[in-house]
Amino acid sequence: MSALEPYVEFARKAFARESTYRVEVFTNVGSLLLRVYLLRSLWTALYRQNAAPPNIPLHAMITYATVALLMSLILEIDGTRAIREKIREGGIATDLMKPISLPLYFFSDGFGQTIFHAMLIVPSLLLALLLVHVDVPSPGAFIAFTLSFGVGYLVNFCLNLLMNIVAFWTLETFAIQLMVRWASDLLGGQLVPLDFFPGILGKIVENLPFAAVYSTPLRIYIGELPPSEWAAAIGGQLLWLVLFATIASVVWRLAERRVVVQGG
Amino acid sequence: MPIIETRDLRKVFRSVKRTPGALGALRTLFTREYVERAAVEDVTMSLEAGELVGYIGPNGAGKSTTIKMLTGILVPTSGTVRVAGLVPYLERKRNARNIGVVFGQRSQLYWDLPLIESFELLRAIYSIPKDRYENNLADFNELLEMSDFLRTPVRQLSLGQRMRGDFAAAMLHDPRIVFLDEPTIGLDVVAKEAIRTFIARVNAERGTTVILTTHDLADVERLCRRIVLIDTGRIIYDGQIERIKDEYGTHRTLVVELCEPYPGFAVEGAELESRVGPLARLRFDRRTISADQLIRRVTENYCVTDVSIEEPELESIIRRIYVEGYKDPAVPATLSTPVR
Ligand SMILES: Nc1ncnc2c1ncn2[C@@H]1O[C@H](COP(=O)(O)OP(=O)(O)OP(=O)(O)O)[C@@H](O)[C@H]1O
Ligand SMILES: [Mg+2]
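Residue numbers (the numbering used here), protein chains in the order written: chain A, 5 to 268; chain B, 1226 to 1565.
It cannot be assumed that every hint is accurate.
DSBU-like, lysine-lysine: derived pairs with alpha carbons at most 30 Å apart [said to hold, decoys possible]:
#, chain 1, residue 1, chain 2, residue 2
1, B, Lys-1552, B, Lys-1470
2, A, Lys-90, B, Lys-1242
3, B, Lys-1318, A, Lys-90
4, B, Lys-1470, B, Lys-1417
5, A, Lys-90, B, Lys-1417
6, B, Lys-1318, B, Lys-1355
Hints are computed from structural coordinates only; laboratory data are not their basis.
Construct the complete structure from the given sequences, taking the supplied hints into account.
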């Protein structure tokens, strides 16, 4: 309990910090609704042109796009982004002089922000329902989706952490950052379902780690994956999680040992 | 057993050699040439618990680098280091519980939180027991007079206020050792004095070991008995301030206040430095005449209302050492006869 206390505090402070940006919250909800509406129009138009994969009907596609957008509200929060800033400005030194695990610190900070943004999702979802039709999954599918989303969240955290740890070696991480984000959005199924990738490419993409973040929970949500395949799908995500958590902790330990603090 | 011990501690920084120009920049992308530079070389020192030591040296001497190695955030290139029995870079988190750190140049407070919330966060981080936390907070609040700005976000604090907050933050968990890296930089005289009093009290009352790095030698004079002088990464002096003063301060000044305006005022064995009104300043070499003898000579010949001796300032001594280098005191016996 008391070992976790600092991290609970970090999350709490991050939550409090986020809630001070109230205006931003409203504009965010506004732009979100606009995007939901645009996505619906886009997919409707595309489906009229017969661009659809046979296994996803239009209403499922719109559900997919809307839920993906709401998920991105949470998944785009990157608590580890602060690493780069802290390394560049030397603030990492004072953090390292505290008896805490920095990856956990970044995780709880991000988590605090996430909780705040998650609270926005419910009203956004309700408003979105007024604009577009979103399928509501069965309770079982919803529970499986939540589980899968949780694992995806952790995989996403590990990927972000890994990407930002690179800053310990080279401060010029922008290009790497951009590439990974691009790849993960496109290959992870946030922009379009992975079913859109043709043939062998689709098979490859489905087995990349990026799929664990968006694609798997979304396929559970829209019912593309039957209940009999849920366990295997979530198990696959868990494998990625174990792999990346291991890599991240090893790389972190290396990074910690080569900290070169600027200035002073 | 010493609480801090280093032996032949070395830190070599390796950085990419930059070639000027666009072509040069392109070349460094592919062929990396490194330049190595030793920031700290063969630093061997040891501190007993409860000591308050000034770690002094010119810019770039390697002071901050040493402190970073002692706090465990920088891995030494070679040599050994132990802080309260731990090897800092191997046990960073455990070491962190034993130490407190104040960097004058950089705050450890959480920028967008009110000061008091930074303290609360630190309470959670170090799992400080409630009553301990409250006692310390009340204590520091009184010593550092923070009540006016406890609820102000840190980014809105003045430098002096922030530094006081930083000091409290570094001490809340009762560290056995504190590292102070230029803690009085940029402070006005009142704030400086408040900080100095705080350091002195923490050291005296709590027995906290303190390493103080500063360019303001008044800090050192006021607080430390021992100094470690470092230059270009090497320790050039380690010992009592008094000793260095004795060795370097061969000349002192006797200030006498005369009752009458003696026009031809002069004393054998001393040089009249200046005369302003009744005040005469006599500079003397304490190797040839003791202060005692000189005072007797003056009072035998003149009527005097007041005398005082000016010690050589540490600052002028240190300046000389920076310029000339420290000469080991292999001095003849006559030179080291103590006055007083
Ligand atoms: N990260 C780094 N990479 C390369 N060289 C460094 C690095 N940090 C410090 N140095 C070099 O090491 C030397 C010692 O620096 P350090 O910061 O320890 O000096 P200092 O004694 O604290 O000086 P000051 O009084 O100016 O703060 C300097 O020559 C500095 O340029
Ligand atoms: Mg320094």
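**Prompt:** Is the Cα-Cα distance between Lys-1470 of chain B and Lys-1417 of chain B 30 Å or less?
**Reply:** 24 Å, holds
**Message:** For a C-alpha distance cap of 30 Å, please report whether Lys-1318 of chain B and Lys-1355 of chain B respect it.
**Reply:** It holds: about 22 Å lies between the C-alpha atoms, which stays within 30 Å.
**Message:** Checking one constraint from the list: CA of Lys-1552 of chain B to CA of Lys-1470 of chain B, max 30 Å. Satisfied?
**Reply:** 13 Å, holds
**Asked** Given the hint that Lys-1318 of chain B pairs with Lys-90 of chain A, does the C-alpha gap stay at or below 30 Å?
**Response** Since the Cα atoms of Lys-1318 of chain B and Lys-90 of chain A sit roughly 19 Å apart, the hinted pair holds (cutoff 30 Å).
**Request:** Decide if the proposed pair is consistent with the structure: Lys-90 of chain A and Lys-1417 of chain B, CA atoms, cutoff 30 Å inclusive.
**Result:** 29 Å, holds
**Request:** Starting from Lys-90 of chain A, check that the Cα of Lys-1242 of chain B is at most 30 Å away, please.
**Result:** 24 Å, holds
In this structure, none of the earlier numbered hints is contradicted; all agree with it.
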